[in-house]
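A.B. asks: Chains as they are written, first to last, in the numbering used here: chain A, 1412 to 1930; chain B, 9 to 478.
Be aware that one or more of the hints could be misleading.
Claimed, not checked - DSBU-like, lysine-lysine: derived pairs with alpha carbons at most 35 Å apart:
(1) A:K1867 <-> A:K1801
(2) A:K1417 <-> B:K38
(3) B:K33 <-> A:K1801
(4) A:K1795 <-> B:K33
(5) B:K222 <-> A:K1459
(6) A:K1581 <-> B:K54
(7) B:K222 <-> A:K1581
(8) A:K1682 <-> B:K38
(9) A:K1795 <-> B:K38
(10) B:K38 <-> A:K1801
(11) A:K1682 <-> B:K45
(12) A:K1867 <-> B:K45
(13) B:K33 <-> A:K1417
None of these hints come from the bench; they were simulated from the model.
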Amino acid sequence: MSQKAKLREYHAAVWDEPVVMEMGGPGRRGLVFREPEKEVSDIVGTAKGLVPRSMYRTDLPNLPELSEQEVQRHYLHLSQETLGMMGISLFGTCTMKYNPRLNEIIASRPEVSETHPLQHQDTLQGTLELIHNFDLILRELSGMDNFAFQAGGGAHAAYTHCCITRAYHKSRGQLEQRNEVITSIQAHPCNPATAAAAGFHVITLPLEEDGYPSVDALRAAVSDRTAALLINNPDDMGIYNPHIADWVEIVHEAGGLCFYDHANFNGVMGKIRARELGFDACMYMLHKTFGAPKGGGGPAVGAYGCTAELAPFLPSPVVTKELSGYGLDYSRPNSVGHIREFWGNVPQVIKAYSWARAMGAVGIERAAEISVIANNYMESRLLKIRGVTKSHPTINGPRMEMTRYSLERLTEETGVTVNDVSNRMVDFGIDAPWLAHHPWLVPEPITPEAGESYSKEDLDYWIDVLAEVVREAYETPEIVKKAPHRQAIPQINGDALDEPEKWAMTWRAYCRKHRNENG
Amino acid sequence: MSGAERDTHPYMPNSAGHAQEEMLKAIGVKDIEALFKQIPPHHRLKSSLQLPDQLSSELELRKHLLSVLSRNSNCEQNLNFLGAGCWQHHVPAICDEIVGRTEFLTNVWGTPSSDHGRNQALFEFCSQLGELLKLDMVGLPVYSYGCAIGHAVRMASRITGRNQVLVPAMIDPERLSVIKNYCEPIDMASHIEVLYIAYDASSGTLDIDDLRSKLSDRVAAVYLEVPNYVGVIESRASDIAQMARACGTETIVGCDPISLGLLSSPVDYGADIVVGPVQPLGIHMNCGGGVSGFIASRDTERYVRQYNTLNISIAETNRSRQYGFGLSCAGQTSYGLREEGRDWTGNSTYLWAIAAAVYMSLAGPLGFREVGELISQQSNYARHRLCEIEGVSSAFDGHIFKEFVLNFDQAGRSVADINSQLRARNVFGGLDLSSYFPELGQSALYCVTELHNKEDIDSLATHLSEVLAS
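Required output: the full structure, derived from the provided sequences and hints.
C.D. replies: Okay, here's the thing in structure tokens:
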């Protein structure tokens, strides 16, 4: 295959790093603290004497003892054993994009990192101004009237909406009656899960042949028990529901609220506004769409925006702008209160603001276009690869910013699964691709999302790697099944992970279960 | 330079040259618009997008951000005594270096092989916290201390099949608000009723008689904190846990991990589930964006099967004597079961778990002992020293760690007024409690950590004396 010559001979760093609990030696120190001044101990006595006897710890914690540099090298090695975005990461639904380094430098300055959320607002005017101005940017993008940033991720924003839904219906004396939330099987699991955790019954609509649930199914599901609709659009298959405005009308007529899970905003930025489609609330993920980093799972932000009608219920405090300056409003009697302490992951909000300013309106619109072009370009090449089909193959026409593919045929013909393919792709310096949430509606799913940050050569490389792995699957499947071969470690043996007598979430548990030690 | 060249954006390689045209050609469409035909025309923007000017030049953007942020005043420029759930501790330089590494900062979630290093770092967070807590089961962190309590209460409710929880009346109002959201309004069928345990007005510890009167076979869990919101160390925690056990009630303890070189692990006084903040372990306050919470317990199915967290287990690889790390019990989360899963699971605060792992490796057993002792002695010294000032008294006489409440009623001055004058002297005074806990009068919650020294405390005393005398 001509493309093979282009593929990199990538190999991950292999440090064979011990677990930190096994490292170091007795008495070594990585961090020392001074003794209190003599006058201090003279007055208060020993620390032991300042603790109720029953609460004093008599033993030292069994932590490793390491010098400063040993700790540094250990964790640097671990960072080097993390491929993540060091190669090409087209992890679908997560909108992988460049996280500008400037923003990390700004956020690590004491103006941000050494501020306390309960400082007097006069001392936080800079931060409050940035947050307020970012709120204005999101209002312009969504058409909503107010944003709050307390939610620590997209799922947490869905939960915020469920809390606000409770408060809204309670304020109308209808909460006991309106105890159902409607979503679709293609919506992220956090939508039904947060609704259930907030106390609602969940109705999940199945997909029909167009790739989304039918208007009739929605009509049959709504009633005077409907509290809210939680829905994403476009979905993870890249299909935009053209009836979404009708959906909102149907739910509104039934008396429910409509929440737009805008996890998949990247392809429609500057193209549609949630409010103009009739939605009452929406959510943006600042760690995805707005250029803030993911941190391997947070700290993240689900920016939650809503209409003026719902704004009184927003978590407290909200940032305000008055003639006298920016403020934090805590006295909001209808607020749901706190869904998390303080007012959000402030550094991430600042990074997202910075990203939005760097992009501007023209850049944001351009990014949406590039991500849609790039996805459809990938599709034009990927569908030519043997064994690759796309979800709902009968639906012709372009998809939005991502497409869900299926490797079912490859699996049938070679026995190589999509998990095997994923394990092999990383050998070429490609971050593991996103497959799909459970349940897998599309067999052997794989969901790349190109975004705007990767060059055409990067996208071609990703496609070439998949083509090569598919070739291997047909010609030498064992190479793929036994992959990876060029990572920090080979495949793990997952047998123990779900067995209570074998799993070990800590070193103590491991020593007890696997080394017969008492920990 | 042409306009097209200026349109090229540093974040977007395909904004340059002919990449877009080449891709459109390969797709077989004439223009970009053709790719958006899924969206009905009447769904498109009703008015064009109006945003502030683009700042694609890094140096202009940097200037702008710094100019706005220069309007902040921070806790390095001022002498800070605010805590209350977000505490100013020393952050070792290596913590910042490691969490600033682009590999850890930007990754999403690869395979156990390709993101092996991140998984190992997360396992080491759980393992080291497990040693501080003497517990075998530690989940990956959740959003915050309050969220950890909320999940733990719901765990206890599922475990016991009961629907009441007892929480201290003296609790952080923000944490309480979070808990109440987790417990759901009374209108919901799955509502968990929150009952409050009164506190002893002189010591600040729990009122045992009040607790006894509220314990019953309807109570899923008793929740207590060591130290509590106002810094008081509960002295009868063991009795409380025994009383709870006698009722078939779970004991959930919230503790500050930076105290655990000095204070007992909650499991030693009877805790079933332990929760707490992660932020004290090597994470900057970040204006509240540094918060993160942990949940831990014994490693039995009774508990582990109820976790909503992602969990990382050590595992073997196909090569002998080599460790790998993979997700454990993921099937019980919302990723596996949607609305049937345990609460919900999503993006959390995993980068902070890595910061905390680094912190615990650096501190080691002796570092935790030293920092615990230093904070204890300095906060006690501060309470003693400040209460020498006329008009200032300690609201509680119980044992304290890190935080304490000063009362200014005798001075006849409001906390708001005092703090305003302190601020003019570059001192951030303690948090005003007068509206949260009116029964405490004009009181403020002061926080003293290892960052302060005697000079700082004496300086606060001088300022406070002068302010009160003015």
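A.B. asks: Going through the earlier hints one by one, which of them does the structure break, listed in rising order?
C.D. replies: none
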